[in-house]
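There are 2 protein chains.
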Amino acid sequence: MFVMKCRVCRGRACLEIRRHNAAFCTEHFLHHCRQQVDRAVHSQGMFTHDDRVLLAVSGGKDSLMLWDVLLKLGYQVDGLYIGLGIGDYSRESVGRCRSFSSERGACLVEVDMVSQYGYDIPTAASVARRATCSTCGLSKRYVMNDVAMKGDYVVLATGHNLDDEAAVLFGNLMHWNMEALARQKPVLDAKSGFVKKVKPLIRLGERETAAYAVLERIDYIVEECPMVADNTGLRYKDVLNVLESKSPGTKHQLYLGYLDRGASYFDDADSAARDVHPCGFCGSPTTAEICAFCRLQRLATDEQPKLDVVCGQAAGDGDDG
Amino acid sequence: MFVMKCRVCRGRACLEIRRHNAAFCTEHFLHHCRQQVDRAVHSQGMFTHDDRVLLAVSGGKDSLMLWDVLLKLGYQVDGLYIGLGIGDYSRESVGRCRSFSSERGACLVEVDMVSQYGYDIPTAASVARRATCSTCGLSKRYVMNDVAMKGDYVVLATGHNLDDEAAVLFGNLMHWNMEALARQKPVLDAKSGFVKKVKPLIRLGERETAAYAVLERIDYIVEECPMVADNTGLRYKDVLNVLESKSPGTKHQLYLGYLDRGASYFDDADSAARDVHPCGFCGSPTTAEICAFCRLQRLATDEQPKLDVVCGQAAGDGDDG
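Sequences listed follow chains A and B, in order. The first sequence runs 2 to 322 under the working numbering. The second sequence runs 2 to 322 under the working numbering.
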């Protein structure tokens, strides 16, 4: 019987990574994951051991394994959990984040959308007649930035992995969404009103983040968010999975090749970033009079008069910098 | 029973084109195809009715239907058939081209690789240890340009359709092949030693070119070239077909969106085009000392001494301008 051997110690391997043409035992697989994260952090200049990092955590495998990796690498990382008000899913996911942080003595910042911003995601999406994932993304980006700025964090990290980024890039290319292409980088530097944003998991696929979480016995929420229906993002992931299975390294090549060779050509395409001013309500930088978040919030809450504006317009969607 | 109606005359439709959200009867479908070709020719400034056009024809649906369309639109188009020496496939395909041209009183230029250049494609690929499709592409590009230049044609046209171009673009993006991205345009202007090259079929998918050929009773060779095995180009076509079936317009959006919004960003990436000089043998412009075609020809023929060069190097592959 053929037994895969660990690339490092030649012991029995537990996992093969075809795009690296390598297999690893448990110990060296975990080490490999940490190494890949540290390599992304260093090579892209994401942050140093002196920086206070805020990591957005959902209770899923990616964000919790990243928190674990960063803590083990000695970085100063607080978690940020945003309660979106999505029934059992939210109740279970916050529980995983609390257990994780208390077991490690790490700081978890919790923000509840309903009590702090007056709405939950399903209601807001319905009232604003906006797609749920879009409503959620807009809300999370605003809150993450807000908490990071007010908490004097140097950088905001998210758990987007290689599969996520490759699929988003794929979609941006299929639609030649130039603004999004210009912004699709693992590091977006701080600028007036926006905290620096980084994605330290870009060198790990989701099969690897899941394996890491299982091997490190991290109790994460396995279920996908129940609001995510069949969307084009998942379709692009499926297509990339088909190509990856035939040519291991396809996603790596697409996304990291973009960063190496393609991305710099699109620097000029981020026009929205050049023309921002303070939102009339909250003061956050926006390309519109009132930022997309405030428009959504006013629509979704009864406490303040509704504005006569249309949500979901392109201009407001560029606010996330 | 639901009967599709022609968008133009409301008569019974024979074909639906989902990406245009339209259906057509035979007459108006044929008119639609000619209109799409004429639109590409005009909007991209490919050629005028005063220009002598050389169209590369293989005997397949795309090149023969394009010849038919261009003749019906009143353009001056001669065909160029290149005999590649691929057994029955070559014998059958030249027959279709001869029948087509004689029925229409059009001029067909024939070039036989073996008698005029001393080698056939299968032998050359084997001797040069180069992939067959790559050997064939290199040979055809050289011969097409050579015949067009010597015959004083203003422009060389090829029958690449929307499916072809979308799949090639897809592959160039997956690999971030910057040189190829910079050159992937439906019009490459003439420059020292290179004739102007155009692709008038970029607005028609291969389902449409096939339907046109059938409806116009064009006798084309249905078989694919027997040398084409499963290659990544076909894999990309499969993937795009999956996406197209779920979202009609995917290929159009990818390729024509690239031309509209993406392509101009890559103008600087065509470095090979800037540094060419005459080939030491044939005088054609090349980035190497001896052009890739001459290197291949010397390897593939016994008539001249073999050169001590390696075929298939990247530098030589940029010769097609």
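Keep in mind that the hints were calculated from the coordinates and are not lab data. Treat the hints with care, as some may be off.
Below, a list of computed lysine to any residue pairs in the SDA-like style, where the Cα atoms sit at most 20 Å apart [claimed, not checked]: (1) B:Lys73 - B:Ser100; (2) B:Lys73 - B:Asp113; (3) A:Lys247 - B:Gly172; (4) A:Lys141 - A:His176; (5) B:Lys151 - B:Lys247; (6) B:Lys247 - A:Lys141; (7) B:Lys247 - A:Gly234; (8) B:Lys247 - A:Arg92; (9) A:Lys247 - B:Lys197; (10) B:Lys151 - A:Arg99; (11) B:Lys247 - A:Leu235; (12) B:Lys247 - B:Arg262; (13) B:Lys247 - A:Gly172; (14) B:Lys197 - B:Ser100.
Legend entry - Index of numbered hints that the structure contradicts, given in increasing order: Hints 2, 4, 5, 6, 8, 9, 10, 12 and 14 contradicted; others consistent.
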